[in-house]
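Protein chains: 2
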Amino acid sequence: MTAKDMEELTMKEEKINLEAMRHSTAHVMAAAVGKIFKSVKYGVGPTIENGFYYDFDLPNQISLEDLPKIEKVMKEIIQKDFPLNCFRLPVEDALKLMKEKEQPYKVELIEDLARQGEKEVSFYQVEDFVDLCKGPHVERAGQIGPFKLLSVAGAYWKGSEKNPMLQRIYGTAWKNEKELQDYLNYLEEAKERDHRKIGKELGLFVFSDLVGKGLPLFTAKGAAIRRELERFVVEEETKRSYQHVITPPLAKVELYKISGHYPYYKDTMYPPMKVDEEELILRPMTCPHHFMLYKSQPRSYKELPLKYAELAHQFRYEKSGELTGLMRVRLFCLADAHIFATQEQVKEVIKDVLDLIDYVSSVLGLKKGEDYRYRLSLGDRQDTQKYYKNDKAWDKAENTLREVLKEVKAPFFEASGEAAFYGPKIDIQMKNVLGKEETAFTVQYDFVQPERFDLTYVDPEGKEKRPVVIHRSSIGAIERVMAFLIEKYKGAFPLWLSPIQVALIPITDKQLPYAQNVKGQLSDHFWQRGYNLRQITFGQNETMQEKIRQAQLQKIPYMLILGGREEEAGTVSVRTRKGENLGAMKIDEFAARLSKEIEEKK
Amino acid sequence: MTAKDMEELTMKEEKINLEAMRHSTAHVMAAAVGKIFKSVKYGVGPTIENGFYYDFDLPNQISLEDLPKIEKVMKEIIQKDFPLNCFRLPVEDALKLMKEKEQPYKVELIEDLARQGEKEVSFYQVEDFVDLCKGPHVERAGQIGPFKLLSVAGAYWKGSEKNPMLQRIYGTAWKNEKELQDYLNYLEEAKERDHRKIGKELGLFVFSDLVGKGLPLFTAKGAAIRRELERFVVEEETKRSYQHVITPPLAKVELYKISGHYPYYKDTMYPPMKVDEEELILRPMTCPHHFMLYKSQPRSYKELPLKYAELAHQFRYEKSGELTGLMRVRLFCLADAHIFATQEQVKEVIKDVLDLIDYVSSVLGLKKGEDYRYRLSLGDRQDTQKYYKNDKAWDKAENTLREVLKEVKAPFFEASGEAAFYGPKIDIQMKNVLGKEETAFTVQYDFVQPERFDLTYVDPEGKEKRPVVIHRSSIGAIERVMAFLIEKYKGAFPLWLSPIQVALIPITDKQLPYAQNVKGQLSDHFWQRGYNLRQITFGQNETMQEKIRQAQLQKIPYMLILGGREEEAGTVSVRTRKGENLGAMKIDEFAARLSKEIEEKK
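Residue numbers (our numbering), protein chains in the order written: chain U, 1 to 602; chain C, 603 to 1204.
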């Protein structure tokens, strides 16, 4: 066993201990709730990431104010250091016990277990509280570390809307005070950075009940960020020989039947619309549209690799419970692309894609290996329901992707059963600003759809051949990137993305004309370069301090303080949102500084 | 009677005479068809703009090859100068006559007339051909001017798909040979300029049966034009203090019920989609979305006029027979805006809008008064079904628009019953390149929807007031503008809109590396200025003449001929698509020329 193996084993053990401790905390919480609310019926109480919850059926509503009371009783139980004892009962006795204790949900669970063939079930007891449970647990309540109850929410029994709604209390528990405090700080930070909160404060987007759920409306400020991102992607991709096309965000249902999306994604698609003799549907994916462009004329090997990119509007029916600000929406704009290549070109094509992703990510301030890594998502040869059956093609595709990742020395790991139905993929696993890893977007190897759509090209010998299609995104969904960037920068965007870039702050109303003059000069300077500088003048009726405070609240990168002295000298006194005082500058000098910073996207 | 009145009267008379003559030509054509195809059943044969048609029910298919044969027989009838005699018959006798002649469609028409209360109907006879007809006609066939049969198409009897399909022959007739020839040239020119034809030749867009009717897919080349237009609009409007927002192209049906669109536009909207508890529908208009943004926070008079603009995707269900290339589509992107203003601001706001329209039009090469004029479209106080009832508000709004048009000395005329349901409007009546006038887009005065959505602002005294909303477009639907520009320029776009701007033409393959070098230098030059220059290299295996020919076919503005001499001198020999030879230039010099021309949008 190497030192590294030892270390890994220790970490694993520690994780198991932490899980057991959190699970015991959930039991202690259940015991405490039982002491306070006599009539409680217990649901389930598992551990989750960083903590635990327990579901209760209670006649009265638990509020946040009740949590300290529950915590107090929990602490008493822990202080008395009751043991957590395990005992086993035959199913009949177990049922009898739970019926006696008037716990219908537990009875239902035991019946479920019996139906699955269990003869005996295990219980854990702490003080008077007996719970159906597999364990493991810590031995004594005194071993429970510092904990905190966090929130209350409604949750359907067994997750089904047909069942009663229970009350779920969430909590967290840690090895020591420091870890607990770190985690609570983390939660506080997450709340602070929440893009929904910042988006509202900065007025970037709104939702409307009359428009519908998951359908954000971007204000001019939000749209400014969005447009900068979109143009950045279009220009960078065009420079890299992508053909940026525009196709309609809907098509006949038939198109998605041919592509194979319809059976797989039907549940997350909007319902079809009957128009004349046609049945149209909002698109969940862009690939079939690009295939139609590809097929609109005969193709030669000379055109390959042919790269269609699009800022593609896509509609997905996400469950209303899963909609989250800009993170999860029902309509999004994906920086999408489909590359048609020969077998021989595939590796080079994927390397180019990874290079683009690295470049785009670096511009957004993300480091490979640190902020994101790759996941090689493989198929499952056994699962012919989920995956297209062609072992040889799968092997080849998976090996190609693996080789590319090795050749470019990319940090990656492998995961089985995570592929698309039409082939394996490389997932870009992005850590959010709080360290949580999620799939941001993907590079997919598709050997199925070229077949279904009978895509061909003519090779140098004049023979018809089948291209491979690589599906990829360079930046993911624009809405999601926005959510990510809002949280990353806490709303203090780099200059090029700032919805308002310059605040003009006349010290008194006397300098209002000068402020207009400066604004005009700056506008002209940038307009001549084809750019609209985003400026705001903080006018009348407020003190300079108040104007500065408002500009800071709006996270405007530069503030120009304009007093009598500046007017006389034809200068501007520059302050940054961080509070730096850059002193007086000529307007040209300031404009040059802005230009450079905008261009560098820093 | 003034000279002008006299002139107008003469023109009117001439028009009547021309109509009568064309109508007679249709009868003569029907007579000729009857001579050639004995078993013909006659439908109807009216005049249309610039000509006439007649519908025939025939067992065999008429082809273009048949038209000269028919023309020949027509000329014989005209040469023999048969009179066109009118006679009247009681309905019963008329029915008897048409039954004898085995003309079931005519029988049906007479029955329709009888049902409408007619006791007597009139017929016209030329040679043996007797036709149910109101006239008027010329007196003798010899008075028919030079004519030509143009095309054959299918047409349902009475326009209904439930009825038999007839064959329709179109023709045209004129006073003299010159006018006929002018018209035929015009048709030829229209065919040449047809944006569908040029769009195909230049590969700008395609349609796909699997995607659906009226839903164009833009290739990279078409998308390049579209993007240039869209950015131009966004930047120009942003500069003029419009807030460019982005809102979703669908919403709950309820939103359009409140706005009042749903009852009025229901038939041209896509069907609703049920998603969870929500009923969503693709939007036919953007206004209610912008109202939701307006209502997302309280508004003060200080914010007015508040101008929301958007490149708004809108869906309209156009009948499949009315779909025409990019001109009439089922999804389009409207350069839309809604301006919220106080009553006092309205005139100034509309003047600004007209100024913007003039500017944008001038950039697109259109002259006010020549290429377009204004139509003041008024309501109808009697038609309370179509128009919101509020005589005072209508008077006020109409007067405001009239005053503005007079104050800015705009060329305009008035038209009753052409307003929107919520108020009067100024229509920008654009002449297409062939002189036909159509409404390109509008400026609308809306006093109804602010009421329906309870839009308010707080005035300086702290009182709630109702704003007026001005709906306007600056450039119309991007797809339509594209169609218009393709026809205007016959595909030879100004440099800034050209899908490919520069063609690199190495004289032999030896100069291929130099071509790549030049391309790279030009790309870098523009990339540093945030612009992707659109270039193409005409490579291998073809003669220089062939490469030049291809570049000209693609209407590429500049061709760089690259031979040994150019390579040695580090220059490029510049030719234009018009065939001008601009001689050798240093690369920087050429780049500067391009920059200037792109910037000037000429």
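Derived from the structure by calculation, the hints contain no laboratory data. This one's a predicted model, so the numbers in the text were calculated from it and none came from an experiment. Wrong hints could be hidden among the right ones.
[As the list claims (entries may be wrong)] Computed beta-carbon distance windows for the label pairs:
1) U/G564 <-> C/P1013: 41 to 51 angstroms
2) U/R565 <-> C/G1064: 50 to 60 angstroms
3) U/G583 <-> C/L1114: 33 to 43 angstroms
4) C/E837 <-> U/K465: 20 to 30 angstroms
5) U/K409 <-> C/Q1130: 54 to 64 angstroms
6) U/Y359 <-> C/L666: 33 to 43 angstroms
7) U/K302 <-> C/L789: 37 to 47 angstroms
8) U/Y359 <-> C/R1004: 55 to 65 angstroms
9) C/E1016 <-> U/K302: 52 to 62 angstroms
10) U/N399 <-> C/A1194: 49 to 59 angstroms
Backbone N, C-alpha and C fix where the C-beta goes; we use that ideal spot for every residue, glycine too.
Range hint 50 to 60 angstroms: satisfied by the CB atoms of U/R565 and C/G1064? For C/G1064 against U/R565, whose Cβ atoms are near 37 angstroms apart, the range 50 to 60 angstroms is violated.
Please test the hint of 33 to 43 angstroms on the beta carbon pair from U/G583 and C/L1114. violated, 54 angstroms
Does the Cβ-Cβ separation between U/Y359 and C/L666 fall within 33 to 43 angstroms? violated, 58 angstroms
Outcome of range test on Cβ distance (C/E837, U/K465; 20 to 30 angstroms): violated, 44 angstroms
Distance restraint evaluation - U/K302, C/L789, Cβ atoms, bounds 37 to 47 angstroms: holds, 39 angstroms
41 to 51 angstroms as the expected CB spacing between C/P1013 and U/G564, which holds or is violated: Distance hint for U/G564, C/P1013 holds at roughly 50 angstroms.
I want to verify a distance hint. Is the separation of the beta carbons of C/E1016 and U/K302 within 52 to 62 angstroms? At roughly 59 angstroms between Cβ atoms, U/K302 and C/E1016 fall inside 52 to 62 angstroms, so the hint holds.
Range hint 55 to 65 angstroms (beta carbons of U/Y359 and C/R1004) holds or violated: holds, 57 angstroms
Does the Cβ distance between U/N399 and C/A1194 fall inside 49 to 59 angstroms? holds, 51 angstroms
Do the beta carbons of U/K409 and C/Q1130 sit within 54 to 64 angstroms of each other? violated, 31 angstroms
Of the numbered hints given earlier, the model fails hints 2, 3, 4, 5, 6; all others are met.
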